[in-house]
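2 protein chains.
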Amino acid sequence: VHCVSITSSNPRHKQVQSGGHDTRKIIHCIKVGISLVLVSLLYLLNPLFKQVGENAMWAIMTVVVMFEFSAGATLGKGFNRGLGTIIGGGLGCLAAVFAQSIGIGRVGNSIIIGASVFIFGSVATYLRLVPSIKKRYDYGVMIFMLTFNLVVVSGVRGDVKVWELARERLLNILMGFIVCVCVTLFVFPLWASDELHDSTVSTFLDLANTIQGCFGECTKIVSGKENQPRASFNVCKSVLNSKSKDESLANFAKWEPWHGKFGFSYPWGRYLKIGEVLRELAAFILAAGHCLEASKEPMASLRQSQWVHLETCEAVETKVVYILRELGESMKQMRKCDAKDNIWDQLKNAREDLSLIISTSKMVELEDCQVLAIASFVFLLMEVVGKVEELVKEVEELGDIAGFRTTTTSLSS
Amino acid sequence: VHCVSITSSNPRHKQVQSGGHDTRKIIHCIKVGISLVLVSLLYLLNPLFKQVGENAMWAIMTVVVMFEFSAGATLGKGFNRGLGTIIGGGLGCLAAVFAQSIGIGRVGNSIIIGASVFIFGSVATYLRLVPSIKKRYDYGVMIFMLTFNLVVVSGVRGDVKVWELARERLLNILMGFIVCVCVTLFVFPLWASDELHDSTVSTFLDLANTIQGCFGECTKIVSGKENQPRASFNVCKSVLNSKSKDESLANFAKWEPWHGKFGFSYPWGRYLKIGEVLRELAAFILAAGHCLEASKEPMASLRQSQWVHLETCEAVETKVVYILRELGESMKQMRKCDAKDNIWDQLKNAREDLSLIISTSKMVELEDCQVLAIASFVFLLMEVVGKVEELVKEVEELGDIAGFRTTTTSLSS
Numbered sequence: 001v002h003c004v005s006i007t008s009s010n011p012r013h014k015q016v017q018s019g020g021h022d023t024r025k026i027i028h029c030i031k032v033g034i035s036l037v038l039v040s041l042l043y044l045l046n047p048l049f050k051q052v053g054e055n056a057m058w059a060i061m062t063v064v065v066m067f068e069f070s071a072g073a074t075l076g077k078g079f080n081r082g083l084g085t086i087i088g089g090g091l092g093c094l095a096a097v098f099a100q101s102i103g104i105g106r107v108g109n110s111i112i113i114g115a116s117v118f119i120f121g122s123v124a125t126y127l128r129l130v131p132s133i134k135k136r137y138d139y140g141v142m143i144f145m146l147t148f149n150l151v152v153v154s155g156v157r158g159d160v161k162v163w164e165l166a167r168e169r170l171l172n173i174l175m176g177f178i179v180c181v182c183v184t185l186f187v188f189p190l191w192a193s194d195e196l197h198d199s200t201v202s203t204f205l206d207l208a209n210t211i212q213g214c215f216g217e218c219t220k221i222v223s224g225k226e227n228q229p230r231a232s233f234n235v236c237k238s239v240l241n242s243k244s245k246d247e248s249l250a251n252f253a254k255w256e257p258w259h260g261k262f263g264f265s266y267p268w269g270r271y272l273k274i275g276e277v278l279r280e281l282a283a284f285i286l287a288a289g290h291c292l293e294a295s296k297e298p299m300a301s302l303r304q305s306q307w308v309h310l311e312t313c314e315a316v317e318t319k320v321v322y323i324l325r326e327l328g329e330s331m332k333q334m335r336k337c338d339a340k341d342n343i344w345d346q347l348k349n350a351r352e353d354l355s356l357i358i359s360t361s362k363m364v365e366l367e368d369c370q371v372l373a374i375a376s377f378v379f380l381l382m383e384v385v386g387k388v389e390e391l392v393k394e395v396e397e398l399g400d401i402a403g404f405r406t407t408t409t410s411l412s413s
Numbered sequence: 001v002h003c004v005s006i007t008s009s010n011p012r013h014k015q016v017q018s019g020g021h022d023t024r025k026i027i028h029c030i031k032v033g034i035s036l037v038l039v040s041l042l043y044l045l046n047p048l049f050k051q052v053g054e055n056a057m058w059a060i061m062t063v064v065v066m067f068e069f070s071a072g073a074t075l076g077k078g079f080n081r082g083l084g085t086i087i088g089g090g091l092g093c094l095a096a097v098f099a100q101s102i103g104i105g106r107v108g109n110s111i112i113i114g115a116s117v118f119i120f121g122s123v124a125t126y127l128r129l130v131p132s133i134k135k136r137y138d139y140g141v142m143i144f145m146l147t148f149n150l151v152v153v154s155g156v157r158g159d160v161k162v163w164e165l166a167r168e169r170l171l172n173i174l175m176g177f178i179v180c181v182c183v184t185l186f187v188f189p190l191w192a193s194d195e196l197h198d199s200t201v202s203t204f205l206d207l208a209n210t211i212q213g214c215f216g217e218c219t220k221i222v223s224g225k226e227n228q229p230r231a232s233f234n235v236c237k238s239v240l241n242s243k244s245k246d247e248s249l250a251n252f253a254k255w256e257p258w259h260g261k262f263g264f265s266y267p268w269g270r271y272l273k274i275g276e277v278l279r280e281l282a283a284f285i286l287a288a289g290h291c292l293e294a295s296k297e298p299m300a301s302l303r304q305s306q307w308v309h310l311e312t313c314e315a316v317e318t319k320v321v322y323i324l325r326e327l328g329e330s331m332k333q334m335r336k337c338d339a340k341d342n343i344w345d346q347l348k349n350a351r352e353d354l355s356l357i358i359s360t361s362k363m364v365e366l367e368d369c370q371v372l373a374i375a376s377f378v379f380l381l382m383e384v385v386g387k388v389e390e391l392v393k394e395v396e397e398l399g400d401i402a403g404f405r406t407t408t409t410s411l412s413s
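In the order they appear, the protein sequences are chains C and U.
Residue numbers for the first sequence follow the numbering used here, beginning at 1 and rising by one.
Residue numbers for the second sequence follow the numbering used here, beginning at 1 and rising by one.
If you are wondering where the hints come from, they were derived from the structure by calculation, not from laboratory data.
Where hints are given, some of them may not hold.
Partial pick of chain U residues on the chain C-facing surface, computed with a CB cut under 10 angstroms [as the list claims (entries may be wrong)]:
#, residue
1, LEU146
2, PHE188
3, PRO189
4, LEU372
5, SER376
6, ILE401
7, PHE404
Here a beta-carbon is modelled for each residue, glycine too, at the ideal position from N, C-alpha and C.
Please model the complete structure; the sequences and the hints are all you need to start from.
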């Protein structure tokens, strides 16, 4: 079943991708500009300014600080800001009232408030250092500290109407929040979930291309052709460093409401798992490429000998690349892999081919270090096949949980 | 020359390290508390409050937002905040004056200001997305946006004294800045440079321990002893993911003034290079461990055979581990490696030992997949030795640039 036909060459693919990314950047910039103008209207329009006055600056501040690239990041920050403001304000008021109700005079009052500032500040700072809190609520805890301090020290001044001030500021923050949320969700929304999904899909395709390049290198040596482009392993290196980016995207994606193809409680954690296996795969591809570099000379000298059956390389290449592309495509279209049985057959074949690629009996003719390099290369390719097997399983499980379609959508012929 | 004697076992080493880290966390929390109390005095003490009034909240905000874990991070954020505020305020005033000087009435004025808010907001947001700016000046650009907007929209209201307001706020931000800087630099300073230095040193020692564990596994199989602890590769995995942390630490370290053993313009970039090689080393160790897992069975069955000279494993282990520890120790003490010639000899020996470890002529007795696993293991160990060679060179270069001492400080006999 040939249902995949992604034959776009690597450079063009990259170009399209980065082009799309640039457009998204410009959309984001324009959206920020629009939000700032909207919120500046609180100052610029007389009737609005008479209502809100100087407090309008809190709305502007909210927009500047809260508006992030993706909808999920913006919503997450907004949630943090809201929660931090409310809890901080509430506790601040309580502390201020408590200090006043004890009634030990101005000095005692100030000492109690100073102590509460110290204690809450230190504890909140400690919370910000706890990894699990830092990951999702760092900003919220910071806003909590800020609000708590502002409210509790304002409380010591009887002449300032704390409640009124708090209410007005909260209202203005709310206005900034609403502007942000509306613009982020309704004007060309940029979803972190789309980005995570697309980057995972394109990792599949990029790694497939790298393997093609790496094996191409191998067949080039065998066939003596030198016109193929050199394999580039930069993709592998960037995949290896993708962990933190993936994690933050998954984090943001969880904040995003139902949209497009992703329902509520979509299993984003699974994407992180798949990303982990992809990173391991990239590490093996990189190591295999390294071996190839070291075994180039022996291989070249052995071009004519029958010691290593390098012709089978092409067969294995085709299989692994086909499977990776099929997996990527099935994720892209969110359909279950219809060529499932086919894929397992191919994997089995690839394993068998690889185990036959080397014949120990002819090894004796070689020098030790040559044996090592070539044997390692083949061993690492086996590991690559093993990781691809793991990926097939992971994608299948994702398909089961996320409810991928089972109907076949034939792309080509 | 046996000048290294770090024999502390891994768990205890970890404990001490994390104990030190916890102490640092608590110091940081207390410092934040102290800064907040100091800055709250602007509200709490009557004479001060009469001077600054409500604007004291800008000082509190500065402390909450600016106080970071390390001195370098705090200084960097303070610099960003200062620069952003001044440029944003200046440009905001210019834009406001420009809009007023054209004199096309209130509506035209508002339109010009709205347009400038949109343009500056969009351009600044675009700058924040440029990787090189995002890395060091993200916060500064955000503060620029904030200040510009606040100033330019306040300018449209003739009744608000913009200049006076700006001056007072700037003064308060300055006060917050001074409090932060004094507390961060003079009360138990926590240096990002120390953290980067220590984490690089401990990576050397951790990887040495992992290799010891990994080879220990190997000799255990050979000798049949089962009482040694299983090798753990978690260290390698955490080293692999250390890139972004190292980069931000190096970034902060550049902000830190002369202190302790690090002079001005200390070559922190070199640490990133060493970190890169350490990550590659960790990847090879991980792959070697993986091979070992796969080759355990054949190795066990071959315990008595002479096919693989596994006894030499211990010799190689001792050498590589010794060199890694020597390098780590020389960095820790910031002295040049006095056992340099010795190290190069050891490396050469290790390479020779490894090339003799396998005898091709006996390979024929084995099954193909066993050959592959064992050959790969030996090949990867060679790569490990190669990476250690690279490390020796990198550390030497660092020593030359950073001016490490050349005198020998003998630790043990």
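* To do: Return the status of the interface hint for LEU372/U: holds when the least beta-carbon distance to chain C is below 10 angstroms, violated otherwise.
  => Check passed: Cβ of LEU372/U comes within 4 angstroms of chain C, closer than 10 angstroms.
* **Status of the hint placing LEU146/U at chain C (closest C-beta pair under 10 angstroms)** => 5 angstroms, holds
* If you take the shortest Cβ to Cβ gap from PHE404/U to chain C, is it below 10 angstroms? -> 30 angstroms, violated
* Holds or violated: SER376/U as interface residue toward chain C, Cβ cutoff 10 angstroms? -> 4 angstroms, holds
* With a cut-off of 10 angstroms on the beta carbons, see whether PRO189/U makes it to chain C. => 16 angstroms, violated
* To do: Let me know if the C-beta of PHE188/U comes in closer than 10 angstroms to any C-beta of chain C, holds or violated.
  => 14 angstroms, violated
* Asked: Is the hint on ILE401/U kept, meaning its closest Cβ partner in chain C is under 10 angstroms away?
  -> 26 angstroms, violated
Violation of the numbered hints given earlier is confined to hints 2, 3, 6 and 7; the remaining hints are satisfied by the structure.
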